[in-house]
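Colleague: Below are the chains, spelled out letter by letter.
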Amino acid sequence: MSDAQLKNLEEIFEQRIANDEKIEPKDWMPEKYRKTHIRQISQHAHSEIVGMLPEGNWITRAPSLRRKVALLAKVQDEAGHGLYLYSACETLGISRDELYEQLHSGKAKYSSIFNYPTVTWADMGAIGWLVDGAAIINQVPLCNTSYGPYARAMIRVCKEESFHQRQGFEIMMTLCNGTEAQKQMAQDALNRWWWPSLMMLGPVDAESVHTEQSMKWKLKRKTNDELRQQFIDQTVPQADILGLTVPDPDLKWNEETGHYDFGEINWDEFWQVVKGHGPCNKERMNARVGAWEKGTWVRDAAMAYAEKQQNKKENPAKAV
Amino acid sequence: MKKTNLYNYILELADNCLIAGQRLGELCGHGPSLETDIACTNISLDLFGQTRSYFQYAADIKGEDATEDSIAFLRFEREYKNVLLVEQPNRDFAYTLARQYLFDVYHLLLLEKLQFSQDLTLSAIAKKSIKEVSYHVRFTGDWIKRLGDGTEESHAKMQEAIDGLWTYTNELFEVTEEAKTLAEEGIAVDVSTLKKTYYEKVTALLTEATLTIPESKYFQKGGKAGIHTEHMGYLLADMQYMQRAYPNMKW
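Protein chains in written order, with my numbering: chain D, 1 to 320; chain U, 1 to 251.
So here's chain D without its partners, still in its complex pose:
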């Protein structure tokens, strides 16, 4: 292909995105578009799968049957999200095994928030309320992103996430209407999850390397700082309803801007966790790699069995 032809294809491609048309797997796309999407979709898929672990930690100890069932179903939904997102990613010409390999080797990232420990039952509430709340803010715009399979996966993911968020808030509400011990548990969870949730929306705009290109491809519609402000504005009144105190002494409503002002985020902590030195990075990776390695013989057996069945079908005489 000549440079002129390539340029022409790129122009048509960019025009289609500008017109809000969807790009589908068999359409031509620039290599950078493909790579960026593999990176982002797989990072999202990995976050779902690693995100099963901190909540999975409380399945056996959930305090009531109703909560146990809801938590199991929630963690299962996350597995389901992982499944559609890996499938969406596979349409870009990479296999699920390769994606796992990238996760296990540390080459691919996942959301840093899942490297924090879930130490009490209230963390199940805080994760649903704050972490899923921040995730929704990040993800709703992706329902209109340019890559068709990702956009369609996100529509379903967002529906389920908003259910999870309400469920998390309801756990918090129950605790806040409960005994003193339960209220303390809720406040303690908010204290621990508040700042990591703000960090979850990504580095400040000045340090965000992918923003500009991602905006053009509709992989991003608002900047990290805008999303963070939206999250804070939406969440602080919810904390008020719960009767909990947001652990930020600088938090204050600003009449002029119509937004909350908030204190400085500890970005050193953020980068420490991103670089692999958070409280649970090693545990999370060991759990994922461990499940994968312990499952090798199972997956091998399933393949061997399928081959045997296929052979029997093709050579019924020999299969006696």
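These are computed hints drawn from the structure, not numbers from a lab. Don't take each hint at face value.
PhoX-like cross-link-like pairs, simulated, lysine-lysine; straight-line CA separation at most 20 Å [unchecked claim]: (1) U:K2 to U:K180; (2) U:K145 to D:K313; (3) D:K312 to U:K145; (4) D:K282 to D:K294; (5) D:K282 to D:K109; (6) U:K145 to D:K308; (7) D:K183 to U:K250; (8) U:K113 to U:K127; (9) D:K216 to D:K22; (10) U:K180 to U:K195; (11) U:K128 to U:K113; (12) U:K113 to U:K195.
Guided by the hints, dock chain U onto chain D, whose structure is given.
Modeller: Using the frame of chain D, we list chain U on its own:
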């Protein structure tokens, strides 16, 4: 309490679902593939759903302040009536599936009879559960075949699991006093009548999976009488932790 027999019989039915569901729930997020993880969680969810239906009914019968949760979480180990089979730990994926399969075959046969119970609530729970458990037995049965007739390694692991768990199968068919009385009234299932079909079905599938049927004639029992294996206390310590640490609270 009126209807003590019925109450105890419901626990006998429900505790198997509760403990089997709890064991599968431990694995959520740690399965050998996403698809098997989702499927095992599904089975666990079905079993907890059935547990809730049974315990809500039991709580009605018990009256006082009983709830599904007080029955699920606030009994002592000796008061749980599940069979020893379902409390066995997840040593590896072969054990988990073999345990579940050996229970599922029994569970389906039981429900197919229980749907005709004279007790309308039990009959309704059974009818609803049959659909779910038919899927469980198909899923676990398919995996027994895959692992039994897969690779040499998987065959060895599955054989070891079947050999290890076989000793707990016979207890499934023990008839408790409560069940005996209620069976005469057309309420409970006389599980001893399921035994022949059970071993025929299991033998056929294990044979298809190229596995050897254990020959041992020695069996373990005790769960139905509340005498459990050493694994049970740890399972309960986990399961009851919140209810014990923070008594009388709403969650």
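Colleague: Now, for every hint given, state plainly whether the structure supports it.
Modeller: Outcome of the hint check:
Among the hinted pairs, K2 of chain U with K180 of chain U is consistent with the structure: their alpha-carbon atoms are about 18 Å apart, no more than 20 Å. Simply put, K145 of chain U and K313 of chain D have alpha-carbon atoms about 16 Å apart, close enough for the 20 Å limit, and the pair holds. Among the hinted pairs, K312 of chain D with K145 of chain U is consistent with the structure: their alpha-carbon atoms are about 15 Å apart, no more than 20 Å. With a CA separation close to 17 Å, the supplied pair K282 of chain D and K294 of chain D stays within the 20 Å bound.
Between the alpha carbons of K282 of chain D and K109 of chain D the distance comes to roughly 13 Å, so the proposed pair stays at or under 20 Å and holds. Proposed proximity of K145 of chain U and K308 of chain D is supported: the alpha carbons are some 11 Å apart, at most 20 Å. For the suggested pair K183 of chain D and K250 of chain U, the alpha carbons sit about 12 Å apart, so the restraint of at most 20 Å is met. Distance restraint check for K113 of chain U and K127 of chain U: the Cα-Cα separation of roughly 10 Å lies within the 20 Å cut-off, and the hinted pair is therefore satisfied.
Between the alpha carbons of K216 of chain D and K22 of chain D the distance comes to roughly 14 Å, so the proposed pair stays at or under 20 Å and holds. Distance check on the hinted pair: K180 of chain U and K195 of chain U sit about 16 Å apart at the alpha-carbon level, within 20 Å; holds. Under the criterion of a C-alpha separation no larger than 20 Å, the hint pairing K128 of chain U with K113 of chain U is consistent with the structure, at around 13 Å. Straight-line distance between C-alpha atoms of K113 of chain U and K195 of chain U comes to about 13 Å, which keeps the hinted pair within the 20 Å bound.
The structure fails none of the hints (numbered hints given earlier).
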